[in-house]
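Peer 1: Residue numbers (the working numbering), protein chains in the order written: chain A, 1 to 182; chain B, 1 to 393; chain C, 1 to 230; chain D, 1 to 596.
Treat the hints with care, since some could be wrong.
[Said to hold, decoys possible] Computed cross-link-like contacts, DSSO-like style, restricted to lysine-lysine with a CA-CA straight-line distance of at most 30 Å:
id, chain 1, residue 1, chain 2, residue 2
1, A, Lys3, B, Lys255
2, C, Lys217, B, Lys32
3, A, Lys170, C, Lys2
4, A, Lys169, D, Lys272
5, C, Lys195, D, Lys24
6, C, Lys14, B, Lys61
7, B, Lys311, A, Lys8
8, A, Lys169, D, Lys45
9, A, Lys32, B, Lys232
10, B, Lys32, C, Lys221
11, D, Lys272, C, Lys195
12, B, Lys311, D, Lys45
It is worth saying that the hints were derived from the structure and are not from the lab.
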Amino acid sequence: MMKDLIAKLKKHYKLTEPDYRRADLTFVTAQKDELRSLLIALRDIEGFTHLVLLTAVDWLEEGLFQLTYMLNNRAANRTLALRVMIPRANAVGDTIHDLWPTAETYQRELREMFGIDFPGSPRVNDEFILEGWTDMPPYRRDFDSLAYSLQTYRERPGRVTHDPREHMKKALYPDQKPEAAK
Amino acid sequence: MMFNLKTDRSQYPQPGPDGKLEIDLETGKYLKLWQGPNHPGITGNMSVELTVCGDEVVAGKTHVGYLHRGFEKLMERRSFIQVFPIVCRVCVPEPDFNEYCYAAAVEELAGIKVPELANWMRTLILEMGRFNSYMMFLGGISGALGLGVVGQWMTYVRDLMLDRFEELTGARIYHMFILPGGVRGHLPDGFAGRMEEVLRTAEKYLADVEKVMFRNAVYKRRTKGIGVIDPKLFEPYGVTGPNARAGGVAKDLRKDAPYLVYNELDFEVQTGKDSDIHTRVDVRYRDIHQSIALIRQILQKMPKDGPVMAKIPNVLHWQIPRGETYIKGESSRGEYGYYLVTDGSGYPRRINVRGPSYTHAMALLEHLIPGTNISDVAQLMVSLHTYPPEIER
Amino acid sequence: MKHFDPTFKKDTEKEFPLREEMRPRTVETPDGQTIEIEPLKDYFCEAPPKVHPKAYSKIVEDFYNWARAESLWILGFGTGCGAIEMRPLMTPRFDAYRWGIQWRPTPRQSNLLMISGYLSIKTLKRAIRAYEQMQQPKYVVGLGSCTINGGMYWDSYNTIKRLDDYLPVDMYIAGCMPRPEALLAGFVALKKIIKAGKAEGANLYAENFAQYKANQKAVIKDWDMPDYSW
Amino acid sequence: MSLRDVLSPYTAWKHLFEAPVTIKDPIGREAAERYRGFHQNDLSKCIGCGSCEDICQNAAIDMVPVSDPKTGDSGLRPMIDYGRCCWCALCVDVCMTGSLTMSNEYTWVDSDPDAFRFTPGVDLKSWDAEEKGYKRENNERRLTGTHRPEMGMLEPEARIASFGEIVHGYTRAEAVIEADRCVECGLCVATCPAHMDIPDYIRKVREGDYEGGLKLLYETNPFSQTCGRVCTHACETACAAVHEGDAIAIRWLKRDITDNVPRERYFDLISKPDVPETGKKVAIVGAGPGGLTTAFDLARAGNEVVVFEALPKPGGMMRYGIPEYRLPYDVLDHEISVIEKMGVDIRCNQRIGTDITLDQLKKDHDAVVLSLGLNQGRSTRVPGSEEAESAIDLLRRITAGDKVPVPKQVAIIGGGNVAMDIARSMARLQRQKHGEVGVTVTALEDFDHFLADDEEVEEAREEGCVIYDARGPQEIVVKSGKVAGLRTWKCKAIFDAEGRFAPKYDASDEMVHPAQMVVEAIGQSADISLLGAELTEKLEWNRGRIRIDQNGRTSEPWLWAAGDLVSGPDVIHAVADGHRVAKSVSAMLQATRETH
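Work the whole structure out from these sequences, hints included.
Peer 2: Here it is as structure tokens:
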């Protein structure tokens, strides 16, 4: 069934080879400029009325953000996830809050956590989860949570650990000197 | 300056031509009222910034993030086994769904088949968790309406169930029992008998709740016809689970997309039709009874013996090939899901937690609040059954 | 566990602008007056907390301490996941009221602040505010691993690691999360040190106020509260 | 709203006279049997491998030194920070020995935040003896593999028929499974005499990067192919996995790397480093593993190295002591060719004292390294022992292709690996000549204290050798000038109370093993006659061995000693010696260059 749908969609839209993960779950990559009409078609014609989630994946190495729009057809119990790749630099997505008002929340989160802008989305520039955040959006891959944490907060001092391999080297043949002759 | 708000609606702000409300706070007609983060009528730790005109709320903005720990970031830093202990912390009152969804997502991408008994155990745990979550809910809604005694009873019953959790999983709140690959152990001896005692006690108390709450005149007056969600809003706002079922949508993932062993269990999808606070509570109340019946069924039908853990690779350097998947389940609040993306390394590339509260407590609540009475905001919010930690994670 | 990037430098340059409603401005009141308001000054009082003096005689002080210990009123502010185990305490099964412990909805009536686990920066701000609103003598109990050394959120960018950097803590309870029984044991231990006159957290806070404020401001970038108590 | 709705809530009053549900004394109420409470650690079982630290996602565990570590562990113990712990018990699940468990104790309150740190088992706590609490189910470790894949081998029938190599080596799938079990604790590294980077090369196997793995191997061991087959693998006795299930098959994984790199690639991967020639000359006596490792290192450092070998082919005891079915000669030839590629000049059939003198070597070279094998058998000196064969001598003759007598029945004295080697070699020869095996091995030790490796004993039995334990040789029965058998007594104890070698026998339990040949395999010694009287006099000695300093240098500044001569019969020890001596020689040469 999903194969039929994909074949049908492929007539009108540029889609990559889909990943049929399960009988009820398919991933496919769509073009950014076709996303909106694709979403409308899926929602209004194909019955994918439920926006399950909207989130992003940071492919730092490739310089891309992947936006995942996961839609569900409740009647047929089918989930289709549309991937849209957008460049990481000056990342801007198309708002879909008018299609699904709940997308407003997702877009606010993406704006704050990934720095992806959705112009026109309500309250998109308001603070959402973070308060008084001055650093780069924290869900980006190049944001190092531990390094930030170590630079911002104090740990309780006095903890020292030893690597068993190194410790044994030191204990059994100190100063890198070879073991005494037998 | 005097004006009668009840009769003179012109004093209320009128939406502008673009449909947006322009509220000028400095006219003195309005008051900003913060409900939360420290407020008894809030489940968990979030706040609603209410703009009131008289005792009527004209606008509400939700504020979350008080419990943000950056889970999705922390998960990217941890190896696949190391994520397992932290997922349950995403949702405190019903942590087991996180464990199940995460484990199932990892198993799917790593190609691990879970033993039969482990699936039964997982179903048992999930139903026990659902029971607990609903107990919290009943306590919460009764508390929001001033029916403290129901909250006391429910907390007690929940505690009895926590004892069962403790003997089965080794912890009261964060069970950390559903491991990728299976579950951590078998049922202790005599577990079914002790569980039956708890279920009987629960039924006894629930019968009292029926009399004290559902037949209570005050309760009826304060919940019937209040906080109605138009079923047309369900799809645009992503309403799932009991909230949608209370509006007549007979959708339950346990039935529609059966996972674990739900297709071997007999149960019905509980629905209502009024979509108000009362119906939402009622649907959940019936769901509790169904959970009780399911727990009994599971204990009766589950295999008596067998392995509970599949063979998994050495977890200290477990790498999973590139792929992505989404695992969902019907939690006590609606569709709970984990979106897992792997890139072939020993760490998840991205994990996104789709909590039902995310859609229920934010845009939907903001949509429902205008026009309600201040005193109804608390039970409206509680009736949506939201847990803030799964919003901000 | 992934190793961190040692070259990572957090962005410390950026200043966080004061929120619009907190900025000083001129407004026109409904009855037509024009007034200047400066929210940070007008809404709050500006007095640093003072060290709570001891009673003039030891017997009286002991009596006070006994009374304080036997009426621990907890602010019902669940700051983190540990709050879920407080509910059983409020209900008949564990019934903490037997120990003179009860929960109050407002800081003005409470003398015990439970930090129930991790504190995100956003909640830390509210916790500080709640703490400073409480009347002296007051106590803080840190609940769970995360208040001691960060707990399982040790590498999170949004939670504090050591509660005692920001608030004076009188008692810690280990666990993740601690059971109600452990909480009761913690309360009993707290009572013991209160009776012994050793629960001096609030005075510590007053004495080292500048240090605490500096620590707090180091992590709360959008400091839009007065420096002094509420 | 009906009247019923108003009155209904009052039905709750019926609970007024019920017994309260309140727990009378909740503080310290016992938690469930499986409760994950505070940690316990059985110090006698803990080996300090640090797997608990690795798996802890909260960085709650530090490995800290303890004052009296037992042998075979790292001397570290986990210290747990309850300011971090989340009681997930993954540390318990992953523990390699099952020493770490949890009690069901859960109350710990303190006003000092620094107090929540302790080393279970070392810092005594009230719950140390608590029986209840979280344990792994059935004490099964399920997070890492416990058993190694079966190694493919020739069937006994097939292998006894020839001297062909017995072990097939792992398939790729088996190697991945086996390499995956490693927890990378590194306990093995210190145990290996040559300190090979075992966890690192095992990771290379897992990743399939065999060429990278080979480079790693050659950093510490130029006899990796040999060691991958015949190493005594002390590492595997120290492996953390040995406590529950099998040790990681470190030796076979090493072999897996060497087998999976095409032979011609070796010369590209292990090229001579681009260092300037030093102009120094070093002579090495003996082309065994010790000497050749020294030669390998010194040649790579830019020195001119000549190796003098008395026998016709290089390899020393690896060639002339180890039977071909364990170490095929072509593997050894290839291994040595890699070393020759470094510019080492190996001169065979050059016996010191006969063909060239030590004095001459001293004169022509800047340093001389003695690397002698233990190529002389020891004798039991029981009556008739002059008629016995020496195992080591027989093995050499078999390798060299000399004709050796192959009688129908052979008795062997000794229970070490050399005894097994000669037993199995003779068994093969018997099989070829007579069609059946008639080998009897008599060992002084009982099976609980046997010297030979278990698998050697097992395989020897499969091949038809009969092994008697705790038999002390009393006489080699000689009838009319020919060996007729071996008479043994039951051995009751080998050492006396002071630990000296003084076997006690039970004369009533006597056996006579019929044999036309008796082989003594009770130990070897080096032939040090080549030193000459003058040098022997000058050198310092320690119980029959040349006294050397910790770098292998003798009391003569120009002379070093390495190999079995100083470390006993073992390839990997010889390799370690070789590195050590090479380092010392290099340092000396460097020093002389700087002074000139």
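Peer 1: If a hint holds in the structure, say so; if it does not, say that too.
Peer 2: Do the hints match the structure? See the list:
{"no.": "1", "hint": "A/Lys3 <-> B/Lys255", "verdict": "holds, 24 Å"}
{"no.": "2", "hint": "C/Lys217 <-> B/Lys32", "verdict": "holds, 27 Å"}
{"no.": "3", "hint": "A/Lys170 <-> C/Lys2", "verdict": "holds, 26 Å"}
{"no.": "4", "hint": "A/Lys169 <-> D/Lys272", "verdict": "holds, 28 Å"}
{"no.": "5", "hint": "C/Lys195 <-> D/Lys24", "verdict": "holds, 24 Å"}
{"no.": "6", "hint": "C/Lys14 <-> B/Lys61", "verdict": "holds, 27 Å"}
{"no.": "7", "hint": "B/Lys311 <-> A/Lys8", "verdict": "violated, 41 Å"}
{"no.": "8", "hint": "A/Lys169 <-> D/Lys45", "verdict": "holds, 22 Å"}
{"no.": "9", "hint": "A/Lys32 <-> B/Lys232", "verdict": "holds, 29 Å"}
{"no.": "10", "hint": "B/Lys32 <-> C/Lys221", "verdict": "holds, 24 Å"}
{"no.": "11", "hint": "D/Lys272 <-> C/Lys195", "verdict": "violated, 78 Å"}
{"no.": "12", "hint": "B/Lys311 <-> D/Lys45", "verdict": "holds, 25 Å"}
Consistency note: the structure conflicts with the earlier hints numbered 7 and 11.
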